[in-house]
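Heads up: the protein sequence lines correspond to chains U and V, in order. Each residue of the first sequence is one higher than the last, beginning at 0 in numbering that gives the first Met the number 0. Each residue of the second sequence is one higher than the last, beginning at 0 in numbering that gives the first Met the number 0.
Take the hints with a grain of salt, since some may be wrong.
Quick list of the computed label-pair ranges, beta carbon to beta carbon [claimed, not checked]:
hint, chain 1, residue 1, chain 2, residue 2, range
1, U, Gln-19, V, Tyr-103, 29 to 39 Å
2, V, Phe-202, U, Thr-250, 20 to 30 Å
3, V, Ile-134, U, Ala-63, 33 to 43 Å
4, V, Pro-107, U, Ala-249, 18 to 28 Å
5, U, Pro-169, V, Leu-137, 29 to 39 Å
6, V, Arg-13, U, Pro-169, 25 to 35 Å
A short list of chain V residues far from chain U (calculated; beta carbon distances all over 12 Å) [claimed, not checked]:
hint, residue
7, Arg-12
8, Ile-49
9, Leu-108
10, Asp-117
11, Phe-141
12, Ala-182
13, Ala-183
14, Val-196
15, Ala-217
16, Glu-219
17, Ala-221
18, Ile-271
Rather than coming from a laboratory, the hints here were simulated on the basis of the structure. Quick caveat, the model's predicted, so the values are computed rather than measured. Beta carbons: idealized from backbone N, C-alpha and C, even for Gly.
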Amino acid sequence: MLIALGVIGLMFGMCYEMWQQSALSRAAFGWSFFWTTAWDPVAEEFGALPYIFGTVVSSLVALAMAGPIGIGIAIFLVELAPEKLRSPVGFLVEMLASIPSVVYGLWGLFVMVPWIGSTLGPGLSHTLGFLPIFKGPSFGVSMLSASLILTVMVIPTVAAVARDVLQAVPNHQREAMLAMGATKWEMVWHAVLPYGRAGIIGGVMLGLGRAFGETMAVTMVIGNQPSIHTSILQPGHTMAAVIANEFTEATYDLYLHALIEIGLVLFLVSFVLNLLARLLVWQVSRGPAGAIRA
Amino acid sequence: MSTSWLPAQSGTRRRRNLISTFMLALTVLAMLIAVTPLLFILGWLLIQGIRYLNLDFFLNDPAPIGEAGGGVRNGIIGTLIMSGIALLIAVPVGVLTGIFLAEYRSNPLATVVRFATDVLSGIPSIVVGIFVYTIIVLPRWFQGAAFSGFAGGVALAVIIIPILVRTTEEILRLVPSSIREAAAALGVPKWDYTLTVVVPSAFGGIATGVMLGLARAAGETAPLLLTTLGNNFYNTKLDQPMAALSLQIFTYAIAPFDEGRRLAFAAAFVLIMLVLLVNIATRYVFRVRSINL
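The shape of chain U in the complex, shown without the other chains (with noise of 0.2 Å):
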């Protein structure tokens, strides 16, 4: 029985392994990989800002979408729907959780950018157009493209873990809010939400977690651009994108490295959300939550 182990010694693995990896990138850039914005694989010069800049932004933008969209479906499943509606709802937001990202890309590639290339994106930055992220002529490969697929698909996460903490939040609270003349919202507001708090924000990490990573839909849709851009409608690239569109063709030693570097850096991040995460929602709910991702 004591395979389990493996799962461990699985993980240190990884990290041992990509450490190694990258010893001549990192040797060669130290810390100043992080901030360097060249990346130029002729002359042998790697800097990955471009990369965290377009990671970052397209996470927490999406993060601001989905994290409240996110919340209110746990709130609607949770207090709201009625008990025939639960369970199909619930599917329908896990199916989100399902669709391989590679056809969240296809869909986004074919549908979604084009109509953020010709609606969109013109009607922001001429409505929006004085806020410097909207600034400028619109793409439809974007930064903004992106951040919507990864609402989308950050969306289940986020729901699915808060759902668990909020079904763990004992009646009493709720009872006792009511019989003081609460409305419902403010039941919600004053009484559930706050009890469940830091379960709900491991679930937001969660979900950081995933867009941090989230490689294929994001690569079809962001334009592959390594420049730092202030307007989201503007191409970028990400981390994990650059990853999968270099790795391949990387003929040297030092740039192999350099992105394997970058991957160390994507799994660091992800581990210490998950672990946070996984730690708050245990705090709350006392057990593992959220549903499997399939």
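Dock chain V against the given chain U, drawing on the hints supplied.
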């Protein structure tokens, strides 16, 4: 309420009710926002996919660029082979770990392993791809081959192990402890009744977990890019690069050929149908056992 003789108070009461209704309506809206893209995607794939689906799609290999026709036989075979390898590796590891977690629940080691599994399931799949690249592709560990179907299978295995562990554990927890106690009372050792009584009674559920893993493996793309590379031709040799349905969707989608797009749409349709069926089946099995997955 009956406080209408106090205008100020009734006003706040009405306002509070209004706010409440408004915010709760927002949660309904949130749900609609989430479900709309799902219906959009499914509907769009249904229309696009069925239009391009025919027998050629399943029986032919991709035609040379510029020529009409062709199918994705090589991708379907490749996906089946690599998912098969993944299951061969992941089922023993995942199911045994799941059994361990369920049957030795309070063991401190179990807590650590459960935690590790959860964290592992959150590791980006592309990182798993890098990992397998560094241990198998780079040192040419498998019969001197670099990119190979075998490496792809291993990467998929690493990805689906957490799924198998979690489903196995969950389903074993549903097995009533009276069954275990009955066996234990007869003097059967723990390892024995676990394998001969507990596991068989949860067999359907474990099989569902395996199907979930299979569906996940079939849709996974990023790690395959780094481990098996893809192949335009029909290949069943494990030490050669292999095609996969998901990889084909990606390469055809970003290639500027209508013929390729046709294949990508149809392939995506097939994938999504597989995922849908497996999920509905899972739903059914777990519903029968009356838990909320």
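Cross-check of the supplied hints:
1. U:Gln-19 with V:Tyr-103: 29 to 39 Å: holds (34 Å)
2. V:Phe-202 with U:Thr-250: 20 to 30 Å: With Cβ atoms ~50 Å apart, the hint is violated.
3. V:Ile-134 with U:Ala-63: 33 to 43 Å: Since the Cβ atoms of Ile-134 (chain V) and Ala-63 (chain U) sit about 38 Å apart, the hinted range of 33 to 43 Å holds.
4. V:Pro-107 with U:Ala-249: 18 to 28 Å: violated (43 Å)
5. U:Pro-169 with V:Leu-137: 29 to 39 Å: violated (53 Å)
6. V:Arg-13 with U:Pro-169: 25 to 35 Å: holds (31 Å)
7. Arg-12: Incorrect as stated: the minimum Cβ-Cβ distance to chain U is 9 Å, not above 12 Å.
8. Ile-49: About 15 Å separates Ile-49 (chain V) from the closest Cβ of chain U, which puts it past 12 Å; holds.
9. Leu-108: Violated, because the least Cβ-Cβ distance between Leu-108 (chain V) and chain U comes to about 7 Å, which does not exceed 12 Å.
10. Asp-117: violated (5 Å)
11. Phe-141: Fine: 16 Å to the nearest Cβ keeps Phe-141 (chain V) off the interface.
12. Ala-182: holds (17 Å)
13. Ala-183: Non-interface label stands for Ala-183 (chain V): nearest chain U Cβ at 17 Å, farther than 12 Å.
14. Val-196: Since the minimum Cβ distance to chain U is about 16 Å, Val-196 (chain V) lies beyond 12 Å and the statement holds.
15. Ala-217: violated (8 Å)
16. Glu-219: violated (7 Å)
17. Ala-221: Answer for Ala-221 (chain V): violated, closest chain U Cβ roughly 4 Å.
18. Ile-271: violated (6 Å)
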